[in-house]
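K.L.:
Could you put together the complete structure from these sequences and hints?
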Amino acid sequence: MNAEASDTVLDAISLENSVHCSVPAVEPAQQGTWVTVRRPSRGKHHSSVPLRTSNRFSPLSDAPTENPVESALVIGDSITRNVKIETPATIVRCLPGARAPDIKANLKVLANANRKYSKIIIHVGTNDVRLRQSEITKINIKEVCELASTMSGEVICSGPLPVRRSDEIVSRLSSLNGWRSKWCLQNNIGFIDNWKSFWGRPDLLKRDGIHPSRDGAALLSSNMAHSLRTKT
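Here full-length UniProt numbering is used: position 128 in the sequence shown is 128, and no number is missing along the way.
Think of the hints as simulated: they come from the structure by calculation, not from any bench.
Any given hint might turn out to be false.
[As the list claims (entries may be wrong)] Calculated pairs, EDC-like style, for lysine to aspartate or glutamate (alpha carbon to alpha carbon, straight line, at most 16 Å):
| no. | residue 1 | residue 2 |
| --- | --- | --- |
| 1 | LYS116 | GLU146 |
| 2 | LYS231 | GLU154 |
| 3 | LYS116 | GLU154 |
| 4 | LYS182 | ASP193 |
| 5 | LYS84 | ASP167 |
| 6 | LYS108 | GLU146 |
| 7 | LYS142 | GLU154 |
| 8 | LYS108 | GLU143 |
[To be verified] Just the calculated beta-carbon pair ranges, DEER-fashion:
| no. | residue 1 | residue 2 | range |
| --- | --- | --- | --- |
| 9 | ALA113 | VAL170 | 35 to 41 Å |
| 10 | LYS206 | SER149 | 20 to 26 Å |
| 11 | GLY209 | ARG132 | 17 to 23 Å |
| 12 | ASN112 | LYS196 | 33 to 39 Å |
| 13 | ASP167 | LYS196 | 17 to 23 Å |
| 14 | GLU168 | ARG201 | 30 to 36 Å |
| 15 | SER213 | THR87 | 18 to 24 Å |
| 16 | GLN133 | ASP167 | 17 to 23 Å |
Quantities reported herein were computed from a predicted structural model and do not represent experimental measurements.
The beta carbon of each residue, even a glycine, is placed where N, CA and C say it ideally should be.
P.N.:
Have a look at this one:
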């Protein structure tokens with residue numbers, strides 16, 4: 001897996017109810033677990049549920065009981081940490097620091113376990129652009145969507161947010177967003193244009209300029225919920 005994920009600027013927290021966000025610690029390898037990126041501890045430990053961990057970004061496999069016919073899956077990096085979708089059968093998987101290959105690895109384990117979902121929403125890309133390898137990032141995202149398509153009849157890409165970072169990062173994310181919107185349309189993949197929803201609204205981001213604020217998370221959740229209700 002990508003070692004660079006360890007220096008990611010995205011924070012890991014744990015979510016309650018249907019949102020499962022892994023915690024920043026890595027213990028000796030144990031088979032069949034949902035895991036996260038290793039990053040320095042910031043002191044207070046906020047996890048309310050003990051989680052077993054293995055190597056960084058080891059695929060997730062001990063998902064809670066899910067109805068493979070009725071459930072929808074939202075999987076993404078820490079931008080999804082506070083996503084809450086009222087649809088009862090929606091599972092949200094938050095993988096702090098994840099890049100496209102990490103999402104693919106976790107989906108692969110679910111695919112090998114014959115998991116099927118009514119719809120799959122994928123939110124990834126913010127961490128990938130930091131590698132400055134645009135063409136590789138595009139290939140990686142294509143592979144994630146192709147794998148997800150074997151697990152669901154409807155796959156949806158959730159586009160990046162217009163973060164408040166360097167001009168280079170913003171430019172790369174904007175370019176990725178534009179490319180992905182066209183590619184998704186050409187390949188029968190749904191697309192959520194979060195860029196348009198968040199543009200010019202600094203109040204929708206936290207002070208770090210990356211993660212959505214409470215209102216931003218509510219808007220992101222609404223965008224995803226609308227997409228889940230709409231036929232692609």
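K.L.:
A separate judgement is required for each hint: does it hold in the structure or not?
P.N.:
Now for the hints, and whether the structure bears them out:
{"no.": "1", "hint": "LYS116 with GLU146", "in the structure": "14 Å, holds"}
{"no.": "2", "hint": "LYS231 with GLU154", "in the structure": "8 Å, holds"}
{"no.": "3", "hint": "LYS116 with GLU154", "in the structure": "11 Å, holds"}
{"no.": "4", "hint": "LYS182 with ASP193", "in the structure": "11 Å, holds"}
{"no.": "5", "hint": "LYS84 with ASP167", "in the structure": "30 Å, violated"}
{"no.": "6", "hint": "LYS108 with GLU146", "in the structure": "11 Å, holds"}
{"no.": "7", "hint": "LYS142 with GLU154", "in the structure": "15 Å, holds"}
{"no.": "8", "hint": "LYS108 with GLU143", "in the structure": "11 Å, holds"}
{"no.": "9", "hint": "ALA113 with VAL170: 35 to 41 Å", "in the structure": "38 Å, holds"}
{"no.": "10", "hint": "LYS206 with SER149: 20 to 26 Å", "in the structure": "33 Å, violated"}
{"no.": "11", "hint": "GLY209 with ARG132: 17 to 23 Å", "in the structure": "19 Å, holds"}
{"no.": "12", "hint": "ASN112 with LYS196: 33 to 39 Å", "in the structure": "36 Å, holds"}
{"no.": "13", "hint": "ASP167 with LYS196: 17 to 23 Å", "in the structure": "20 Å, holds"}
{"no.": "14", "hint": "GLU168 with ARG201: 30 to 36 Å", "in the structure": "22 Å, violated"}
{"no.": "15", "hint": "SER213 with THR87: 18 to 24 Å", "in the structure": "23 Å, holds"}
{"no.": "16", "hint": "GLN133 with ASP167: 17 to 23 Å", "in the structure": "18 Å, holds"}
Comparing the model with each numbered hint stated earlier shows that hints 5, 10 and 14 do not hold.
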